[in-house]
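Peer 1: Single-letter residue listing:
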Amino acid sequence: MKTAETLATINYQPSTNSQFIWRILDFVLAGIFIYAGVLKAIDPVQFASDIDNYKILPWPVSVALAFYLPWLEIFCALGLVFRVLYRGALSILMVLIVTFTLATIAARIRGLDITCGCFGHISQHWSLTSHLATNLAILAALLALGISNRLRKPL
Amino acid sequence: MARQAAVLAAVALFPAAGEAIYFRNNISWRSAIAPSEMVTVDQARAWGDTAIWVDARPDDEFARDHVQGAFSLNEDRWNELLPQFLTAWSPGKKIVVYCSSLSCNASREVARRLRKEAQLSEVFVLEGGWEAWLRKNR
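From first to last, the protein sequence lines are chains W and L.
Everything in the first sequence is counted per this note's numbering, starting at 63 for the first residue and increasing by one.
Everything in the second sequence is counted per this note's numbering, starting at 29 for the first residue and increasing by one.
Treat the hints with care, as some may be off.
Beta-carbon label-pair distances, calculated as ranges [to be verified]:
| # | chain 1 | residue 1 | chain 2 | residue 2 | range |
| --- | --- | --- | --- | --- | --- |
| 1 | W | A199 | L | K121 | 43 to 49 Å |
| 2 | W | V100 | L | W57 | 22 to 28 Å |
| 3 | W | P120 | L | T68 | 22 to 28 Å |
Listing some non-contacts, in silico: residues in chain L with all C-beta distances to chain W over 10 Å [claimed, not checked]:
| # | residue |
| --- | --- |
| 4 | D88 |
| 5 | E155 |
| 6 | E159 |
Just so you know, these hints were derived from the structure itself, not from any lab.
Beta carbons: idealized from backbone N, C-alpha and C, even for Gly.
Using the sequences and the hints given, assemble the complete structure.
Peer 2: Structure representation (structure tokens):
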């Protein structure tokens, strides 16, 4: 009996460790999106201008998105922290990051020298490479969380 | 998953609507420039010598014609032209930026950069731009 318990503990241990690591990743990503969301929510005028600089959407739509997207990011990030509506939050964040990445690439192809406004003034002088690398790293982390979520047991 | 995403998308609407109401005087839904940052030709002319004019159009358009006494400051040669403009500017002077017409963006961008990068406060965009100025001065 004791041997069986010991074996069970040994088998379960790596799973617990990996769950812990995934939870850390949840918190790190949530922190990034809450930070980015709050920065944009406190200055929607600047964010509307940043969206407008992509020259894709009409101004009223840029304004509407400037009010809406930061809160969507914040709520999705809270979804990751509290594991509420978790898969929905992950999917929205993936769509957002892919959309912004594609919009940035399209803007650069069209010769627009823009600031993404993703992380307020901190990202103002980021090169395209740094911008894309950051976005791809976040996307990879979100995908990893999505895949691992199916395998995870609750902590 | 789609249902969860829809719930999150719907919940985010509430604070967004609240924020839109809170910032209603800071941003215009019709134009990228807040009404408080716009100036008409008549208002700008009434400022007289207390205003300094900035032409945000490309060099060739500035060379063709411009508001008398205006400084050329466009984004193509920003780093070169900004110091020249700043030597002419003095505190207390209002800055009136214009580009070709109502639909151009150059004046808005130059005004934004003057506020952000040069830390100047009284920067205004001329409503209707150069076309409006011509209409009033024909």
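Peer 1: It remains to establish, for every hint, whether it holds in the given structure.
Peer 2: Hints and how they fare:
A hinted range of 43 to 49 Å holds for the C-beta pair A199/W and K121/L, which are about 47 Å apart. The hint said 22 to 28 Å for the Cβ distance between V100/W and W57/L, and at roughly 23 Å that hint holds. The beta-carbon spacing between P120/W and T68/L, approximately 24 Å, falls within the hinted interval of 22 to 28 Å. Remark: the non-interface label on D88/L is consistent with the geometry, its nearest Cβ contact in chain W lying 19 Å away (cut-off 10 Å).
The non-interface label for E155/L is consistent with chain W: the shortest C-beta to C-beta separation is roughly 15 Å, beyond 10 Å. Annotated as non-interface, E159/L keeps its C-beta farther than 10 Å from every C-beta of chain W; the closest such distance is 20 Å.
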